[in-house]
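Chains as they are written, first to last, in the numbering used here: chain A, 1 to 259; chain B, 260 to 579.
Since the hints were derived computationally from the structure, they do not count as laboratory data. Being a predicted model, the structure only gives us computed values, none of them experimental.
Covered by chain B, according to a simulated footprint, are these stretches of chain A (three or more residues, beta-carbon under 8 Å):
| no. | region |
| --- | --- |
| 1 | 17 to 30 |
| 2 | 94 to 100 |
| 3 | 122 to 132 |
| 4 | 135 to 143 |
| 5 | 158 to 164 |
| 6 | 215 to 228 |
C-beta atoms are modelled at their ideal positions from N, C-alpha and C, and glycine is treated no differently.
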Amino acid sequence: MNIVVCVKQVPDTWAEKKLDPASQTLDRSGDNILNEMDEFAIEAALQLTEAHGGTVTVLSMGPASATDAIRKALSMGADSAVHVQDDALAGSDAPGTSLALAKAVQRIEGFDLVIAGCESSDSRTSVVPAMLAERLELPQLTFVNKIDVDGSALQVRRMTDDGYQVVAASLPAVVSVVEKMNEPRYPSFKGIMAAKKKPVDVLSVADLGLDAGSIGSAGAWTAVADAANRPPRSAGTVVEDDGNGGIALVDFLATGKFV
Amino acid sequence: MAQVLVLVEHTDGAVKKVTLELLTMAKAVGEPAAVFVGSGVDAAADKLAEYGAETIYVADAAELNDFVVAPVAEVLAKLVAEQSPAAVLVAATANGKEILGRLAIKTNSGVLTDATGLSGDGGAVVAEQSIFGGATIVHSKVTTGTPLIAVLPNATPPVAAAAAGNRVAVSVELSAAAKAAKITDRVVEEKGERPELTEAAIVVSGGRGVGSAENMGVVERLADSLGAAVGASRAVVDAGWYPHQSQVGQTGKTVSPQLYIACGISGAIQHRAGMQTSKTIVAVNKDREAPIFDLADYGVVGDLHKVLPQATEEILKRKG
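Just chain A, with the same shape it has in the complex:
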């Protein structure tokens, strides 16, 4: 089976995130990494192709620097990559992102499955996999932590707030995964060396047959009016436990009518 894994480069999750004041888009000038949730998607794809044969193609939309995230995915064992890279994509919102990704997926011949992480740690909207399924007119199996494939039949375990659902569909389909899906492998030295030789197909907006007005800031369906950092919380009262710390705590809760 041939699997497309959507990955995104994001600012390091351990760094404070901020908006670029000029563009009011995410400031990506700091350290960037492969979105953590996408590593679970890559691992899931590798395990499926190890069991059933086939190839794993990494698909990413992002600036030139996103090559680092793509190389990491390739060094884990993916076979090839498609990098959608174009200045016109800057400022894309979720509908624009899903449009470019859908067009890119459609160019990948004979794909059976599209797997993505269930959210990126930067925008956290969780809507792109659903939008991709809608655009590609494919079944949507999201927030899963277990995937079974038997021929063209797909069965997953979809996590919900109070437990899980078992969901069935047939290939091709769009899947998003949660952590607890698996334990992503570390790239081996051999994998890192091999990744350098793997093909990366760079596509522009024109290659995808898209008009620049339909993506990027120009094609966004939402606009930011203003943005400000949340005022730092004023430091509250901190007391040392002198043996009555629990009672002092309840006194505080009582002032807020929580008790």
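Keeping the supplied structure of chain A fixed, place chain B upon it in accordance with the hints.
Okay, now just chain B, sitting in the frame of chain A:
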């Protein structure tokens, strides 16, 4: 006045609190109209009317519940086409956001997620959003189509405002595409009487400082004395001390309760991203230098194994 469609979150007609919050917020920008998908509307209708729903659209067909997300998006798409609402509001849960994702593509409409407030600006709906895990507040508008907005639970207290609650049946012919992912089984995991984490008004969370799976009991007992939900940091979940559905943080759930009590949690950025929009934050930690104290409205530096049981006992005593 244009309608504001509010998707009702319910379990067999038991309406969740977040829906009442959304009906309350809807009034700021239009006339609230509830959209009830599934069975049990008889149990829900009075409550929806009590909190301001002038109209209740009811889509009740057994097969609506058999498939993932897409059927609800089709119901809403039909109503958007027929009613041209001022906005569509859903709870900012995984499900809610995915429904909006599909609805956005169906109706060529912009989506705003994790809204914490709504206001009207000359006919346009402005959403206050909390991004980067609550570190930045932005005001945004939808510039194309109908504003589709996912609102965080606990963003506003529900205010009763009696309305007509006229029921209108909605018939939906599901497309083949909506039936592509079929739910064949549902498993509810035992979680007892505690409220749902993302909905709870009070959350008590345990972190690495708790020390072991058994010790999560002190966190649970404090939570139960307050009627709170129990959360956990990633360290606790990774160690297998508590189920992953309880994880609060960047790779877990976002909570925004009235009160958040962090026990034995140092307060790394990844955890803060999941809880820093909480209205009141309390921390109990042995380490005075833990960054959680920078956020806390009230902090106790001490051993949580002493502080928590004492607090629990005191709360039970005061409750009589």
